[in-house]
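Undergrad: In terms of the numbering used here, the sequence shown opens at residue 1 and continues consecutively.
Hints are computed from structural coordinates only; laboratory data are not their basis.
Just so it is clear, CB atoms sit at the ideal spot from N, CA and C, and this is done for glycine as well.
Certain hints may be false.
[Stated by the list, open to error] Derived DEER-like restraints, expressed as beta-carbon distance ranges:
1. F86 <-> R47: 21 to 29 Å
2. H306 <-> P249: 28 to 36 Å
3. D330 <-> G126: 44 to 52 Å
4. K92 <-> Y170: 21 to 29 Å
5. K92 <-> Y35: 33 to 41 Å
6. L121 <-> K45: 35 to 43 Å
[To be verified] Straight-line Cα separation of at most 30 Å, DSSO-like style, residue types lysine-lysine; simulated pairs:
7. K8 <-> K18
8. K8 <-> K159
9. K93 <-> K251
10. K159 <-> K82
11. K82 <-> K45
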Amino acid sequence: MKRRRFQKGSLQLRRRGKAKKWVVLYYDDAGHRRYHTLGVGSLTKTRAQELRDEFMRTVNGSDEPETGRLRPVLLREFVDQKFLPFQRGKWKKSTRGTSENRISHHIVKGLGDTALRDFSLTMLQGFLESKAASSLSFSVVDHLRWDLSAIFEMAVAEKVIATNPATRLYTPKYAPRGETRAMTVQEVNMALGAVELREQILLHMAIFSGFRPGEMLALQRRHVSADATVVKVEQRVYRGDIADPKTEPSKREVAIPPRTAELLLEWMNTAIEPDPNAYLFAGEKGRPVWRDTLLYDHIRPKLEPHGLGWVNFQVMRATHASIGHRLKLDPKVTADQRGHGVGVAIEEYTKTSVKDRAAAAKKLEQEVLGKPKVVRMPRRKAS
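Make the full structure from the sequences, and use the hints.
TA: Shown next, in the form of structure tokens:
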């Protein structure tokens, strides 16, 4: 069957004799240019657009067009020409890059040549099962589930299909879950002693104040208070581009502890230009250093000899949450430092040790059963 793109239709106001009429131009299944009259020119443009959209739904394969006249819309057509252009209007650049790559590589590549109306719940669930079985992480498979639901939800809204077959999808339990480790106090001290001053400051800020890497690398002099005890997060950097912070709570003032503030001031006084717009961690051209360059060229080579080659910026934020939890710091306070909600702080970032769990289990047991009685044996009298 001949391939046909998903069409929007060209709305035009044309003169027919002495009268003007709204028409829509489109292509039929043979590739010939056609037009359809929508109504008189006195119609408002908004109403004409509504009539255009209603007519084009039949052209694109919905509302039961004439049997055999047009083939139904393929998933790849709908994704490329409708779904992705719409989503790009609201996605941040970082989200757009990862989401488009994931949708194109997995969904379009695997399901793209199937008509939207031919999908079923069991077919889509089988697709997720196959992805989980191929050792894709739980997080990736879960994102694919969300992507499918969003694609078919939009197809229903556009009246390309009547119902959404993806509403009851679930992420297979056996999809492997990645576990982010947290550093111990000893490992933190070892890491801080292994790296150079610039990287040491970055580790200090990530571990003791909870910064994201893109937030630190986008910092300028104007964001730092005179004594370096408060830093304002107003922007972030992603692949060399300055953008808004990741979420609304990410726009915040971060408290910097004393010893970290001393290092930061030393760095600013000796290595940073006095210009308020100078970046704190810039490369030779004055632009922010890339995160991966710092991690793979400057941090990990220093940590690997100490058995800490697994440490990354996510580990540092998990360490901030985990040590704070162990010290019984207010979870709301530490979550605000990191710029996200308390639920994310507990579920995603806070890591507990078996020693912590043993202490908690012992405390709970003693609360119910009471502390064990200590029976002291009487001293024997010397003979």
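Undergrad: Each hint: holds or not?
TA: Going down the list of hints, with the structure as the test:
Between F86 and R47 the beta carbons are some 22 Å apart, a value that agrees with the proposed interval 21 to 29 Å. Restraint check, H306 to P249: a C-beta distance of roughly 34 Å satisfies the suggested window 28 to 36 Å. For the hinted restraint 44 to 52 Å between D330 and G126, the CB-CB distance of approximately 46 Å keeps it satisfied. K92 and Y170 have their C-beta atoms about 27 Å apart, which keeps the hinted 21 to 29 Å range intact.
For K92 and Y35, the hinted distance range of 33 to 41 Å is satisfied, since their beta carbons lie about 40 Å from each other. In this structure the hint that L121 and K45 lie 35 to 43 Å apart at CB holds, the actual value being about 40 Å. For the given pair, K8 sits about 28 Å from K18 by alpha-carbon distance, which is consistent with the 30 Å threshold. Proximity of K8 to K159 is assessed by CA-CA distance (about 13 Å); at most 30 Å being required, the pair is judged to hold.
Of the pairs offered as hints, the one joining K93 and K251 holds, with about 18 Å between alpha carbons and a cut-off of 30 Å not exceeded. Pair hint K159 plus K82 holds up; C-alpha atoms about 12 Å apart against a cutoff of 30 Å. Pair hint K82 plus K45 holds up; C-alpha atoms about 22 Å apart against a cutoff of 30 Å.
Every hint, counting from the list given before, is met by this structure.
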